[in-house]
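A.B. asks: Start from the sequences, fold in the hints, and give me the full structure.
Those protein sequence lines, which keep their order, are chains F and C.
Taking this note's numbering, the leading residue of the first sequence gets 1, the next gets one more, and so forth.
Taking this note's numbering, the leading residue of the second sequence gets 1, the next gets one more, and so forth.
Incorrect hints may appear among the rest.
[Said to hold, decoys possible] Some, not all, of what chain F presents toward chain C, calculated at C-beta under 10 Å:
{"hint": "1", "residue": "Ile57"}
{"hint": "2", "residue": "Glu105"}
{"hint": "3", "residue": "Ser139"}
{"hint": "4", "residue": "Gly179"}
{"hint": "5", "residue": "Gly180"}
{"hint": "6", "residue": "Trp183"}
{"hint": "7", "residue": "Gln187"}
{"hint": "8", "residue": "Asp214"}
[To be verified] Simulated crosslink set (DSBU-like; lysine-lysine; CA at most 35 Å straight-line):
{"hint": "9", "chain 1": "F", "residue 1": "Lys69", "chain 2": "F", "residue 2": "Lys56"}
{"hint": "10", "chain 1": "F", "residue 1": "Lys56", "chain 2": "F", "residue 2": "Lys35"}
{"hint": "11", "chain 1": "F", "residue 1": "Lys78", "chain 2": "C", "residue 2": "Lys63"}
{"hint": "12", "chain 1": "C", "residue 1": "Lys63", "chain 2": "C", "residue 2": "Lys53"}
{"hint": "13", "chain 1": "F", "residue 1": "Lys56", "chain 2": "F", "residue 2": "Lys78"}
{"hint": "14", "chain 1": "F", "residue 1": "Lys35", "chain 2": "F", "residue 2": "Lys154"}
{"hint": "15", "chain 1": "F", "residue 1": "Lys56", "chain 2": "C", "residue 2": "Lys53"}
{"hint": "16", "chain 1": "C", "residue 1": "Lys63", "chain 2": "F", "residue 2": "Lys56"}
{"hint": "17", "chain 1": "F", "residue 1": "Lys78", "chain 2": "F", "residue 2": "Lys154"}
Simulated from the structure, these hints should not be mistaken for laboratory data.
Note that the Cβ used here is the ideal one computed from N, Cα and C, for glycine as well.
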Amino acid sequence: MPPRGKAASSAQAAAGQASSGRRPALPREFIAAHKQRRITDALAELSAEQGYEATKISDIVRRAGVARKTLYDNFEGKEEVFLAAFDAAFDEAMERIETACTEAEGGWQEKIEVGLEAFLGYVADEPILAHMCMIEALSATPATTERYEDAVEKFVRMTGDTLPEDARLPDTLDETLVGGVAWIVYQAIRREDAERAVDLLPQLTEFMIGPFLDTGLAVPPAQAADENS
Amino acid sequence: MRPLPRGRHGLSREFVAQDQRERLLAAIASSLDEHSYDGTTVSLIGGRARVSKSDFYRHFASKDDCFLTAYDDAAERLRREVRAACAEHEQWPDRVCAGLAAGLAWLAAEPARANLLLVEGLRAGPQVYDRFLAMTDRFVPLLRDGAPAGPGSSGRLPQGADEAIVGGIASLLGRRVLAGETEDLVRMFPEVAEFALTPYLGAAEARRIISSG
Chain F
1 MPPRGKAASS AQAAAGQASS GRRPALPREF IAAHKQRRIT DALAELSAEQ GYEATKISDI
61 VRRAGVARKT LYDNFEGKEE VFLAAFDAAF DEAMERIETA CTEAEGGWQE KIEVGLEAFL
121 GYVADEPILA HMCMIEALSA TPATTERYED AVEKFVRMTG DTLPEDARLP DTLDETLVGG
181 VAWIVYQAIR REDAERAVDL LPQLTEFMIG PFLDTGLAVP PAQAADENS
Chain C
1 MRPLPRGRHG LSREFVAQDQ RERLLAAIAS SLDEHSYDGT TVSLIGGRAR VSKSDFYRHF
61 ASKDDCFLTA YDDAAERLRR EVRAACAEHE QWPDRVCAGL AAGLAWLAAE PARANLLLVE
121 GLRAGPQVYD RFLAMTDRFV PLLRDGAPAG PGSSGRLPQG ADEAIVGGIA SLLGRRVLAG
181 ETEDLVRMFP EVAEFALTPY LGAAEARRII SSG
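C.D. replies: Structure, rendered in structure tokens:
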């Protein structure tokens, strides 16, 4: 076995030295934002590892490398740290999806595909935050559950705005499609497969496009790929 | 559920125990429909079931144990209901429609258990959510077995589509239960059935079957 532990700990020591060395003159807001981010990241990591409930304030400040007072200067307590982390992660995922959809030049079908790709890309890039938002948030506290429901609602609305209207299809299609996608992604995160979430893109795109295939509103994915090439 | 008469009644010990257990399982579901998990104490459950605290602990090691047992019990009741309805039909679309209709009717008639299965199960922590997923996974074969391969030229369904369909339906119903619309679930039959059939038969055929049934 290569001395992985040793390598990792010396890397940590190096990082520690760098941060404890002479401080560059950074603006105060930058330092505050950076510390907040360290605190929210620490909570996200700890809840992925041991669950929200088992995570104590002392664990968070130790992991973040900040003073207890710094945490309480910035947040009221553990729940507020969680909600801040959730909001930051959700906003970033949403922004990626909206940017991808805005840049897509094709019709609704392409928007669905690039939006899904952006979402799955976020899950793959940020597996710990994805775990926090899609697993821990459901059960952490009533306020976090509410945040989760609000986030689902926003995804449902965004999906509904993107899908074409068609009287032949059920009104609740946006809800069931978002629920189905969340389901599959949840299972991937739970299997610790979040890093490979992007591999789910073809099957989830087909799942979302499927109901429209024989309405004349959608092109089968294989055919769409031919047309693009 | 009404408690059994007190005192001498000539009922067997097993019968009494079984009856108490069923009352406790119903009581925890109805308590959770009104209170939070933390607010649902052992005394509250016992009080509703008219079972003493010491009898409670004869049946369950803890509130968590009672919760998990009630969860599995409700899931099994729902699955039995759905499976029995499916079994009455030969053709795949009829089987799926009958199963969905029976499931919706059961959930609407059992609002506390619907809440337990579709809302509380998600909120009780990752371990219970895994149970929830395992429970819904057991419905997947009822949809998949004997299903046509998919409409039109593609002739196949994407991998995992059946899981996503069941998951999508569970998620939709959970949102309705949370919104306090459990009693109206039966009215959602056409939409839910269309969502289930469309990937296999195409939108036009799914709609035709549901509007003719």
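A.B. asks: Hint by hint, work out which the structure violates, then give me just those numbers in ascending order.
C.D. replies: 1, 2
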